[in-house]
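J.: Protein sequence lines, in the order shown, are assigned to chains A and B.
FYI, the numbering for the first sequence is 1 to 112, going by the numbering used here.
FYI, the numbering for the second sequence is 1001 to 1108, going by the numbering used here.
One should not assume that every hint holds.
Cross-link-like lysine-lysine pairs, in silico, DSSO-like; alpha carbons within 30 Å at most [stated by the list, open to error]:
no., chain 1, residue 1, chain 2, residue 2
1, A, Lys57, A, Lys71
2, A, Lys9, B, Lys1042
3, A, Lys71, B, Lys1070
4, B, Lys1067, A, Lys71
5, B, Lys1042, A, Lys14
6, B, Lys1095, A, Lys9
7, B, Lys1095, B, Lys1042
Treat the hints as calculated values from the structure; they're not laboratory data.
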Amino acid sequence: NAGVTQTPKFQVLKTGQSMTLQCAQDMNHNSMYWYRQDPGMGLRLIYYSASEGTTDKGEVPNGYNVSRLNKREFSLRLESAAPSQTSVYFCASEPGQAPEAFFGQGTRLTVV
Amino acid sequence: QKEVEQDPGPLSVPEGAIVSLNCTYSNSAFQYFMWYRQYSRKGPELLMYTYSSGNKEDGRFTAQVDKSSKYISLFIRDSQPSDSATYLCAMSVVKLIFGTGTRLQVFP
Chain A
1 NAGVTQTPKF
11 QVLKTGQSMT
21 LQCAQDMNHN
31 SMYWYRQDPG
41 MGLRLIYYSA
51 SEGTTDKGEV
61 PNGYNVSRLN
71 KREFSLRLES
81 AAPSQTSVYF
91 CASEPGQAPE
101 AFFGQGTRLT
111 VV
Chain B
1001 QKEVEQDPGP
1011 LSVPEGAIVS
1021 LNCTYSNSAF
1031 QYFMWYRQYS
1041 RKGPELLMYT
1051 YSSGNKEDGR
1061 FTAQVDKSSK
1071 YISLFIRDSQ
1081 PSDSATYLCA
1091 MSVVKLIFGT
1101 GTRLQVFP
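Assemble the whole structure, with the sequences as input and the hints as a guide.
T.: Put into C-alpha cells, the structure is as follows:
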C-alpha cells in the first residue's frame, strides 16, 4: 500500500546544477500536483496535471518544468537550481471525482 | 491578494479547549473546501471536506462553510495534545489551492 512515493527524500545541489524529482502513485488517480512548502508561506502550487498528457502552471512555476510521463508518474525538473529553490517539495495525487489529495513524504532540497 | 488567507498562528491552548481555525478566500468559484492536518516533517493528510455551504461533523471535528462571507472554519472540541500539528485549509474548483496553515499546540 505505497500511495504516493517521492524520490529522493533529501538532496543538496550546487547553484546551477540540474535535477529531477520523481513522483509515482499507485492509486490510479487522474490528477497530480507539485507543491513547494516554505516557512510562513504554506503550500504553493508549482504545476499540476489534471490527467495524463496535460500539465498546467500553478502559482510559482518559474524555474521548473514538469512531465506527466504516464498516469502513475509526474516528475519535476529544476534546470538550473538557485538558492531561492531551497524548499520542501511535495507531490500529491487526487482521484478527480472527489477532492481527497494524497501526499508523498516530501523531498527536502537545499541549493547552496 | 492571495486566493486563500489563513492566520499562521501559532495558537496555543490547554487540553480540553475548543479550538477555532479559520480561512477566508476571494474566488467565488471554489466548490470544495477542505482541511488538512500536517505533523512535523510529514506530508499533509486530509481531515475532512465539504461541498458548497453548510456544516459537516466528524467526531470531535466540525467544518463550516459560509460562501456568502467567503469564510470557512474548523472547530476541534475537547482538544488533545495529539492534535498538535499544522492545520491547512484548501479549496478547489479545478486545482487545489492551500492557505498558509495555522500551527496549533495543545498543552497538557
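J.: Please go over all the hints and tell whether each is borne out by the structure.
T.: Each hint, compared with the structure:
1. Lys57(A) x Lys71(A): The hint holds at about 18 Å.
2. Lys9(A) x Lys1042(B): Between lysine 9(A) and lysine 1042(B) the Cα gap is close to 11 Å, so the pair holds against 30 Å.
3. Lys71(A) x Lys1070(B): violated (34 Å)
4. Lys1067(B) x Lys71(A): violated (34 Å)
5. Lys1042(B) x Lys14(A): holds (25 Å)
6. Lys1095(B) x Lys9(A): This hinted pair holds, its Cα atoms lying about 25 Å apart.
7. Lys1095(B) x Lys1042(B): holds (22 Å)
Of the hints listed earlier, those the structure fails to meet are numbers 3, 4, in rising order.
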